[in-house]
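Each chain is listed here by its residues.
There are 2 protein chains.
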Amino acid sequence: MTMPLSGQMMDVPLTVSSLIAHAARYFGDTEIVSRRVEGDVHRYTYRACEKRAKQLAQALIGLGVEPGERVATLAWCGYRHLEAYYGTTGFGAVCHTINPRLFPEQIAYIINHADDSYVLFDITFAALVDALAPQCPKVRGWIALTDEAHLPGMKTPVISYETLLAPQDGVYEWPVIDERAASYLCYTSGTTGNPKGALYSHRSTVLHAFGASLPDAMGISAGDSILPVVPMFHVNAWGIPHAAPLAGARIVFPGKDLDGKSLYELMEAERVTCSAGVPTVWLGLLAYMKQAGVRFSSLNRTVIGGSACPPAMLRAFQDDFGVEVIHAWGMTEMSPLGTLAKLTWEQAQRPPEEQRKLREKQGHVIYGVDMKIVGPDGNDLPWDGVAFGELHVRGPWVINRYFRKDESPLVDGWFPTGDVATIDRDGFLHITDRSKDVIKSGGEWISSIDVENVAIAHPAVAEAACIACSHPKWTERPLLVVVKRPGVALTREELIAFYQGKVARWWIPDDVVFVEELPHTATGKLQKLRLREIFRDHVLPSAVEDAI
Amino acid sequence: MTMPLSGQMMDVPLTVSSLIAHAARYFGDTEIVSRRVEGDVHRYTYRACEKRAKQLAQALIGLGVEPGERVATLAWCGYRHLEAYYGTTGFGAVCHTINPRLFPEQIAYIINHADDSYVLFDITFAALVDALAPQCPKVRGWIALTDEAHLPGMKTPVISYETLLAPQDGVYEWPVIDERAASYLCYTSGTTGNPKGALYSHRSTVLHAFGASLPDAMGISAGDSILPVVPMFHVNAWGIPHAAPLAGARIVFPGKDLDGKSLYELMEAERVTCSAGVPTVWLGLLAYMKQAGVRFSSLNRTVIGGSACPPAMLRAFQDDFGVEVIHAWGMTEMSPLGTLAKLTWEQAQRPPEEQRKLREKQGHVIYGVDMKIVGPDGNDLPWDGVAFGELHVRGPWVINRYFRKDESPLVDGWFPTGDVATIDRDGFLHITDRSKDVIKSGGEWISSIDVENVAIAHPAVAEAACIACSHPKWTERPLLVVVKRPGVALTREELIAFYQGKVARWWIPDDVVFVEELPHTATGKLQKLRLREIFRDHVLPSAVEDAI
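Just so you know, the protein sequences line up as chains A and B, in that order.
Take the first sequence: its position 319, counted from the start at 1, is 959 in this note's numbering, and no numbers get skipped.
Take the second sequence: its position 146, counted from the start at 1, is 786 in this note's numbering, and no numbers get skipped.
Careful: at least some of the hints might be erroneous.
Same chains, same label: a pair holds when it works inside one copy or across any pair of copies.
[What the hints assert, rightly or not] Below 25 angstroms or equal to it, Euclidean Cα-Cα: the simulated SDA-like pairs (lysine to any residue) are: (1) Lys691 with Asp1024; (2) Lys930 with His682; (3) Lys1080 with Ile1136.
Hints in this document: simulated from the structure, not taken from any laboratory.
Please model the complete structure; the sequences and the hints are all you need to start from.
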């Protein structure tokens, strides 16, 4: 890097605390509304939030927590969780958000791997904490995010959060922190092996907040009342807890009740303009609204990511309810936002059906993220919407390695996402599979998801998984594992015949096996690796034929 | 700064070249449309733009320009000027944009002070260059932004830009540059003394581009077709040449013809959605539209800054034409964006008249800018919308000193803007005066602009300036200098009586002087310092009375 002449600008580090300080100073009266796990609705302002975050910082420093130490949270979307975000990172500690939906043994592994000093938890998770505490002897204290009156009966000795904060005056100045210091720690919930930690920096968190706020990302403004359905334990709720203070947006935290009725009522009561979450939650909301015959009066857009948004959901939001769907893609290793399906000026001049097809893809990158697709040989693939390869990314909010792992996951400076995708001439990304799930048949790739989608469209199929099965001639060929709908007849031959004309001939599964159920992870992901183990010795009829 | 634990994120510097590289890679087909000084309309894409910027970089490197050296531009908004932005900063040189509206001797001073190696100029400025060249002997070459066929007849030996680019192949990789290296140099057009240079860094330019893109700033998206009326020699056209590639927005450059008819026709032909400029230009556009009886078919918003937007203009855009006006404030020393008048969710629930009043102010800061108002004693003043003091700012895109000036302009780490303002409880800024123009009367401040606004509202007044006049008892008292409308009668006593009930009693001018005309700078600013010199020995009647 060369610097023969330095710019003459103020040297201000990008720190997480500057976000809440900005909101408290310039949007001090703006509300943060929370439906609490205690059952009621709590309201206060950014000004009050920053003060309590400072009280928390004072309390944790008083408990001996040092900058760089990890403090964990096990909590829903709520104001105390927001205070925990800023009250830890603000003095240089690292906020480690734990996904309570993982198996308890995975959570214990994560707490011990991260060396968490304290764990702040919602009282919903009292039983879970009682199960974890004996396995996590290095944790110095368990702090229940409630007051004395609501402390649950527990085996584990716990501290009430409100009791901890009460003696602190909140008169505290956020220290200046190196922007490359660690801010948050989020573990991936991988389908195999132990979870791995992504360790963000203050710089990456702030730059990601800028990116997440852009009009082509979540477009968050001071005019918004934003309800994050995506939990704060899931990749920092996609950055909303940082982007909202950056803009001075009003926040509405839904707490633990994410059913359709609860969400709808809160959105209407608080005149929510914008939301974000995974497809599953929206299914519940849409089902409730159709059944109750109600409409949105203030919601104008919602970001949908985490897994692909079904085209029918996109249509329901846009055509039935007049709400813009912003289809997004990202991952824990990238803070998480990567691409969003917002149309360009030129795309917006195209026929409506073509626009709809574009919105079904995962969209274009936001500035700060670079992407490419590479083939099995590692070479760049063309952006023609047809060629598909492994998606690689890089940028200032992408990890360069995992926490406490020496080996670098990077390939030539790019992070291999493990997703398989196409990119079209417009730069629109379309995720087609996970790289470990594609079937490598004779040097070419077959998308397991595309094969499954055909099977799922058959009226007799309840669930389907397509996995690779070894083959003497083609290396791998697709095997379809199917759960039938109850009381319906379907044969192997009928299902294979169903594929005719729907996919390329060589993509048609070589065999079909019917099972009672498919294996899933704690967070509901299909465990294809497990399936591959189960069917390791499965002999394809075609393998026998070719051997003859 | 402490960093006990470093985040594990990719270390990607924020460089100006990454903006055009992003646009070329992900929005390669998006158009850049330019009305050329040659008279025709030119169209190409971001992909072609980046290639030609690389050709320019190759050519300048071939001419011996080193990283850190300054390369100047004297040009309107156009695609070649955009190539000059990226073709210089991209390899580490500094792009020095010169305001051609300054007096020639000021321009010569600037070129010599900056040590510009080459000057790229639009052929409109051929005569100006012929006048400058003999005064700027250190300039190694003058490059006309045109092809051989359009080279004007000049005394100065010049190179044609197209001839310079032609032999270069554009196969060039942007080098990695330290993000704190200098990117752009912009001189202020102060009303007194020599212009002073603000030297931006790659980091500040990119962070400002993020800030300028936010929904509460210019809100630039890939769905926009944006026409910058504010020239590219005026504080980087408020960052649009950086924010547009960041978003992948379509750009429409108007060239030199900024009259109402030319602007309107270009906006309609190119389906422009968004624009930005100073009030004067919009006056011309609105006058043309009313006279021609035409309306906008695609424009949805415009940013107005540079000087205060008159309330009548705000109403005309919003009520008559359905275009949102975003009132903005900033300055060269802050890249330039500071505040914009976008309403919060809560403000948007207030009565329309109250909302309108808020939009007439300069609005709230965007994240990245901190502000405060201080009184004559340097102490913080309350944010009550009444107390007014000098506005101080700080942040990563605010200068810490001027180019080639040793003394720091900062006060306790804040940059004193020289503007006098109030801030209300909503954090909305309202600029009331320049600090050197306020009248310090008995330890209290009187806003010269507020006093002038009353006079201008009188039907017989064409122009008015309120300046401080020395006073034995009150130190200073206001003197009003007035240009009458032709053929209208008005006396000193009538005008003083006109103030009754319109301002506080002690704000009423002590005297009125009628003149034929008021002194202005080359860029049209009222020269109050000159007026104060002219009226240095003026004796106020009140001074005589108090002396008796």
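Kindly indicate which numbered hints from before are broken by the structure, ordering the numbers from low to high. 2
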